[in-house]
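Please build the complete structure, drawing on both the sequences and the hints.
Going down the list, the sequences are from chains A and B.
Per the working numbering, the very first residue in the first sequence carries number 1; after that it's consecutive.
Per the working numbering, the very first residue in the second sequence carries number 1001; after that it's consecutive.
If you are wondering where the hints come from, they were derived from the structure by calculation, not from laboratory data.
One or more hints might be untrue.
Within a straight-line C-alpha distance of at most 30 Å, the following computed DSSO-like cross-link-like pairs (lysine-lysine) qualify [what the hints assert, rightly or not]:
(1) Lys1290/B x Lys218/A
(2) Lys208/A x Lys1290/B
(3) Lys1071/B x Lys1197/B
(4) Lys208/A x Lys1242/B
(5) Lys1071/B x Lys1290/B
(6) Lys1242/B x Lys218/A
(7) Lys1101/B x Lys1169/B
(8) Lys1101/B x Lys1111/B
(9) Lys1245/B x Lys1101/B
(10) Lys1291/B x Lys208/A
(11) Lys321/A x Lys1111/B
(12) Lys1111/B x Lys1197/B
(13) Lys1157/B x Lys1291/B
(14) Lys1245/B x Lys208/A
(15) Lys1245/B x Lys218/A
(16) Lys1157/B x Lys1101/B
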Amino acid sequence: MSNSRKTRLAFAAIACLLLIIGFAQSWNVALGILNLCLISAVMALGVNMQWGYAGLLNVGVMGFAALGGMSAVLVSQAPIAEAWNASWGGLLIAAICFLTTIIAAVFCYRRLVPGRQRTLALTLVIIIGLALTRSFLDPAISSIEAIEPAKTGFLGGMGLPIIFSWVIGGLVAAGIAWCIGKVALGLRADYLAIATLGISEIIIAVLKNEDWLTRGVKNVTGLARPVPYEINLQVSTWFIDMMRWWHSGSLTGLTEVEHQQVLKQVVIDGSSIFVKLCYAGLFAGVLVFILLLSVKALNSPWGRMMRAIRDNEIAAGAMGKDVTRRHLEIFVIGSAVIGIGGAMLTTLDGQFTPTSYQPLRYTFLIWVMVIVGGSGNNMGSVLGGFLIWLVWVEAEPVGVWLMQVGTGWLDDNNAVRIHLIANAQHMRLFFMGLVLLLVLRFSPGGILPEVVKKQH
Amino acid sequence: MEAVTDFINAVVLLLNFIVVPGLAYGSQLALGALGITLVFGILRFANFAHGDTMAFGTMITILVTWWLQSKGINLGPLPTALLALPAGIVLTIVLLLITDKTVYRYYRHNKAVPVTFMIASMGVMFMTNGIVRFVIGPNDQRFLDGERFIIRARDFKTMTGLSEGLSIKLSQGLTIVIAIILVALLFWFLQKTRMGKAMRAYSDNEDLALLSGVDPDRVVLVTWIITAILATIAGTLYGLDKSFKPFTYLQLLLPMFAAAIVGGIGNPIGAIVGGYVIAFSEVIVTYAYKKVFVYLLPMSMEPEGLLQLLSTDYKFAVSFVILVLVLLVRPTGIMRGKLL
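This is how it looks when you write it as structure tokens:
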């Protein structure tokens, strides 16, 4: 079967699955899954750029997603004037100290003769600089956190519409990725994997503890939305009229009281579906935009160069390609895409909870998507994002159902049966691992393998 | 005289909050890192499933411990878990041999690149994690019984008349003793026995070892068995010392990798040194030194803040920073292991 036919078939299958969920469970559930599928697909595209195009093993997806989420908070929350007034002086001096330290350290490193003296000078500069920074930063932080800690206790954000955070989330992730890439990209694949795993844990630790920045584990809830609120929709006349028109078939021939009741119900249901559809539209727009750019990039000379570097670094280097620079480039771009996905996710959730970032869900699951979908193939990653998220979500009800049926011969109060049903949800980790191993073993290219065009 | 007492008090304080916990945690990390370094040395890949292997072994040990406890069997002052360890070890060996047969052997025979092994180990990690959560649930489990302390802080105070107490938990003492015994056994095995020599030869130069008649399948088999023993014991000791939670064991992966790499990956002595380096750095930079300085400095110079370099939650950052520094300055690690 040709690859494009396979692609169409696979996506048709996904659409069918979503339709089945829509009819069998509810359209609300189906759309909720679709939205997360779209976000997963964006993140999978980011990982695919790094791994599929360039062979970089980034096991720090969670960190970049969290950075995107942080941007959503920092962009959309209103600034807290009191906190700024109380601390701006300290923050400014601390920032100046920090920058001076870095500049001095770089200066020492570049200008002094390598040797013991340079190491000593460098260590001294860094220790003194950081101590100075902290002596200004610590009081500033405690003054910020002292202001209404139960409600705010942080600096707040920029008060812009949250949709800007999708761009800024990408930029923040890109900036951090640049710093990380500068240090870690010289390493071989194994080391890079471990290093990125560590960095993602550090990013989460910072977000959990720096209350002045993100309120830490106190979470930021009630983020502004880029789409209307259900409650507002339910009282706006145009929406009620639209629902009346949409459901005109089922509304005719009812008494006035029944009509009011049915209309009220369809408006409530409709409003939540409408909101989810709005999100789906926005997310799909972002996904299509990134996908188009990725396809263009992968088929351009640049994409060919990336694949050449991936397949044989030494040969590509011998042809005059700057391998380290290209690696840094793709690492930054891929991380930016993951950051965009992370910002979208936090926007959809409407809250930022640093404790919810867990490596299995945000790093390794995305990896399963890329490997199963097809690394090196953009459509494959999107497909993987859809498919794996569907399985991940639906494995829970299906698992519980299987356990209920499988243990039906046991008594309802049987301890084993209760335990199996209660813990059935954890089996989805097992299935994910199984799917990953099966694909890796029997179809290493994934469902939609990379298409290699012959250049004549 | 008072100055001397103050000094002794400061030393006891450091012993109590840095040396004892550091030694115990370092021993646990060292045992874990030994498993990672052995798999790397023989099978040549970074095993992401190691943390979950530890969790699996510990889980079996816990289940057997509970069963023994329900039968009223115990070891008196020692934790019952020690009695249950053999069962945990055996089942973990079975698990690792099954994963090797079904997953890794195919790639080994096809001479796959290390990255493929690593991604496969991620799959194994998922599956093991799923099993552990399915069987025992994602929550904290406690299974410590028997005597809690070797020395209690209060007893120490009355014994010595100092104002600072030193307490050593039984689990900490056990950890250190068991780690010393295990490491001694491991080195005896690697240095003195035929199989151990074969393993070292295989790790050093695969082709040469094969030419000399080393059976690769046996080497791999023994490697997995040793890894299972080390992982189960390390996991159980960690669980006794702190508590058992599947997610914590996944997070242990990072300090263990760091320990193995910092020491010099593929080098068993390096793994032990790395374990202690990581553990002590974590404890040292996250300890609040205020009280120590209160003892050491005259009243007028008493520090105001807690004098804590980093909050405890940044301990991952510590292992990571050390990792990066070692990679940049001395990529082979402290003890000159292999270059990855």
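ask   = Which hint numbers does the structure go against, in order from smallest to largest?
value = As far as the earlier hints go, 3, 5, 7, 16 are violated by this structure, in ascending order.
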